[in-house]
Amino acid sequence: MSVISLLTDFGDKDNFVGVMKGVILKINPRLKIIDLCHNVKPQDILQAAFLLKNSFKYFPKGTVHLVVVDPGVGTKRRKILVKTKDYYFVAPDNGVLDLSLQGENIEKIIEITNDKYFLKPVSNTFHGRDVFAPVAAYLSLGKRIDDFGKRIKGIKHLNLPVPKRVKNILLGEVIYIDHFGNLITNITKDGFKDFLKDSNFKIYIAGRLITKISHSYQEAKKNKPLAIWNSFGNLEISVAGACAKECLSADLKTPIKIIKG
Amino acid sequence: MSVISLLTDFGDKDNFVGVMKGVILKINPRLKIIDLCHNVKPQDILQAAFLLKNSFKYFPKGTVHLVVVDPGVGTKRRKILVKTKDYYFVAPDNGVLDLSLQGENIEKIIEITNDKYFLKPVSNTFHGRDVFAPVAAYLSLGKRIDDFGKRIKGIKHLNLPVPKRVKNILLGEVIYIDHFGNLITNITKDGFKDFLKDSNFKIYIAGRLITKISHSYQEAKKNKPLAIWNSFGNLEISVAGACAKECLSADLKTPIKIIKG
Amino acid sequence: MSVISLLTDFGDKDNFVGVMKGVILKINPRLKIIDLCHNVKPQDILQAAFLLKNSFKYFPKGTVHLVVVDPGVGTKRRKILVKTKDYYFVAPDNGVLDLSLQGENIEKIIEITNDKYFLKPVSNTFHGRDVFAPVAAYLSLGKRIDDFGKRIKGIKHLNLPVPKRVKNILLGEVIYIDHFGNLITNITKDGFKDFLKDSNFKIYIAGRLITKISHSYQEAKKNKPLAIWNSFGNLEISVAGACAKECLSADLKTPIKIIKG
Chain S
94 MSVISLLTDF GDKDNFVGVM KGVILKINPR LKIIDLCHNV KPQDILQAAF
144 LLKNSFKYFP KGTVHLVVVD PGVGTKRRKI LVKTKDYYFV APDNGVLDLS
194 LQGENIEKII EITNDKYFLK PVSNTFHGRD VFAPVAAYLS LGKRIDDFGK
244 RIKGIKHLNL PVPKRVKNIL LGEVIYIDHF GNLITNITKD GFKDFLKDSN
294 FKIYIAGRLI TKISHSYQEA KKNKPLAIWN SFGNLEISVA GACAKECLSA
344 DLKTPIKIIK G
Chain L
94 MSVISLLTDF GDKDNFVGVM KGVILKINPR LKIIDLCHNV KPQDILQAAF
144 LLKNSFKYFP KGTVHLVVVD PGVGTKRRKI LVKTKDYYFV APDNGVLDLS
194 LQGENIEKII EITNDKYFLK PVSNTFHGRD VFAPVAAYLS LGKRIDDFGK
244 RIKGIKHLNL PVPKRVKNIL LGEVIYIDHF GNLITNITKD GFKDFLKDSN
294 FKIYIAGRLI TKISHSYQEA KKNKPLAIWN SFGNLEISVA GACAKECLSA
344 DLKTPIKIIK G
Chain H
94 MSVISLLTDF GDKDNFVGVM KGVILKINPR LKIIDLCHNV KPQDILQAAF
144 LLKNSFKYFP KGTVHLVVVD PGVGTKRRKI LVKTKDYYFV APDNGVLDLS
194 LQGENIEKII EITNDKYFLK PVSNTFHGRD VFAPVAAYLS LGKRIDDFGK
244 RIKGIKHLNL PVPKRVKNIL LGEVIYIDHF GNLITNITKD GFKDFLKDSN
294 FKIYIAGRLI TKISHSYQEA KKNKPLAIWN SFGNLEISVA GACAKECLSA
344 DLKTPIKIIK G
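Residue numbers (the numbering used here), protein chains in the order written: chain S, 94 to 354; chain L, 94 to 354; chain H, 94 to 354.
Treat the hints with care, since some could be wrong.
Which copy is meant is left open, so a pair is good if it fits within one copy or across any two.
Okay, derived cross-link-like pairs now, DSSO-like style, lysine-lysine, Cα gap no bigger than 27 Å in a straight line [said to hold, decoys possible]:
no., residue 1, residue 2
1, 243, 213
2, 106, 134
3, 213, 305
4, 353, 317
5, 106, 125
6, 169, 346
7, 286, 125
8, 350, 125
If you're looking for bench data, these hints aren't it; they were derived computationally from the structure.
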């Protein structure tokens, strides 16, 4: 247990992330702290959940994944610690861990209550510094996870938009837009294959028609949209050499239609 | 001494910060380098001073806090190294350390002049790379601080706006706005209590009235402003679920009035 | 070999960089990973090449410089590994290493083909994660570089705009604009001296006349443009206390004229 990954909506304008790292190193100076992302849209639990799901498995076994996207800070929302076979997760219990833990073997879920491991006085506005960072750091030192609080049975779930099938149509939507402006949809490779079997298909998004899945970003002509399986297994709409978000005037929640036949 | 914290206005668009880290690791490969913040507004010494003051104590004892917000680079402004009981500070002598050192036990102040520890040739535009980074790195190796230059007595001070009392009014202002758009004022918890004793109060900011101090960001109704003690002890104006800066059309220097009674 | 520097156009909005770091640490947990820059303009190979050239020598000997600015990801463009006397470079073969390797003593160039060192399945959209990060990490463990593929003779070159001499005029252009808005031109100190010998000169840029090279940013009056040798040896146009890009309405490719006499 020598790595902590950090995922927050704290941005890079302030000292929030730096202070959390100071707190962590004060407790365990040997840790490696890796920034997963700090530019989650403020309080966007779904976006953070999506990023974590597509990231946590790439880290070394034993990594503590620390997530602080916490609109409920200072309220009675629970703070939790989850142990799976390979990882630890520390986060507010607001659904941010849900996508990552689906399909994982959960060994224990602890509600974090033991203030022995908190920075005092605990503020009402910055549990990242006062609760989550020190808990993650003590955990990395090998403290027993039962020491941090009491076992609970479940975590809060997220309402992720799921693609719908209506006759010969599979209807999804854009759930994430990356730095390049690529549109990531909730159509997964498995869902797509299961829907189509071996039928032909047409893809409609933002008034455009796409008739095949490309193998590289450069397969389409410049400024033409293409569909591609992205590196996390989602159907992604990109525009060769340009920003799909702008070219297609698309955004989060823009619908995508797969028509069979 | 195995941690260096880095606070600059270099942003994240260029190679400036990465190059400083390369220089540091070339001298001391075992160091941990922690980014405190690099998005200080260009040449805004006050903002950097405020961030450092609210951060340095969270780091392990012996940390070297390296600050490069340096509008006077290449001029005759002094370069200084300060040792307190628990920390080292390396910075241009432009007031950026002032808020942090108030109330600290200063053991030594050195004007950095020994070019044995500089990268040569020393440029006139990037002392972060050529002077401050190598000095901090050699310091972390345990070099005696008197080796870096000659002792001096004081550092440059900052003119921080201080709240004023006029009869039954305490008049402050917004001195920092964070990534979420929260308005941090120069009204501190101690100053507030000392002014009010146990009297009632009204808070006015940007034409809005606030009549209590909240305990969490979610205590106000959506889109309503609230006042809260932030995690660094300053009175902060926030808007539940939104950006206070925009909702209140407020900015740096926006006045805040506390009326007693 | 215990440091990897990372230069990408992945920005800081997504999990791409964090995931690459996870992959790297899973293979070599002892590495130090230093961010050189992730805000290269998407797919701007020239900008990345310029940043790398001005950075790589500041790092410890043995550093693996990993560059992922890769518009051709998923196509047949080559992936390469270059060993010089002091450093390793891992990148797509698209010219991004060209400026750095000019004048370096190249010991070996390998086309990376051995998929034993790739993450499987290899995606068509994220070779940073699936190819470049693991190759750099295994390299840092001391694997022989011939194990990664077959030797090749040359790398792709870049068309960098070079200053032109026309009679008594040296004509260059802005090739980079930094976070402060300073205009970095392709006029180098050596080229400038060689052109002028000891003659007088006038500098014209964006309709302004500058008649000397300043020694510090503060040498000009506020809001007046000045010319200065920047810390990497290029002629830079700055405006005292302001943003030169805005003040001069200049941009990339804005011409700069040095007139002799």
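Against the structure, the hints come out as follows:
1. 243 / 213: Within one copy, since 21 Å is at most 27 Å while 39 Å is not.
2. 106 / 134: Intra 14 Å, inter 9 Å, cutoff 27 Å: intra and inter.
3. 213 / 305: Between. Shortest inter-copy distance 24 Å satisfies the 27 Å Cα cut-off; intra-copy 58 Å does not.
4. 353 / 317: within (22 Å within a copy, 49 Å between copies)
5. 106 / 125: both (22 Å within a copy, 21 Å between copies)
6. 169 / 346: Neither, since 31 Å and 34 Å both go past 27 Å.
7. 286 / 125: Neither, since 40 Å and 41 Å both go past 27 Å.
8. 350 / 125: Cα proximity of residue 350 and residue 125: none, with 43 Å in one copy and 45 Å across.
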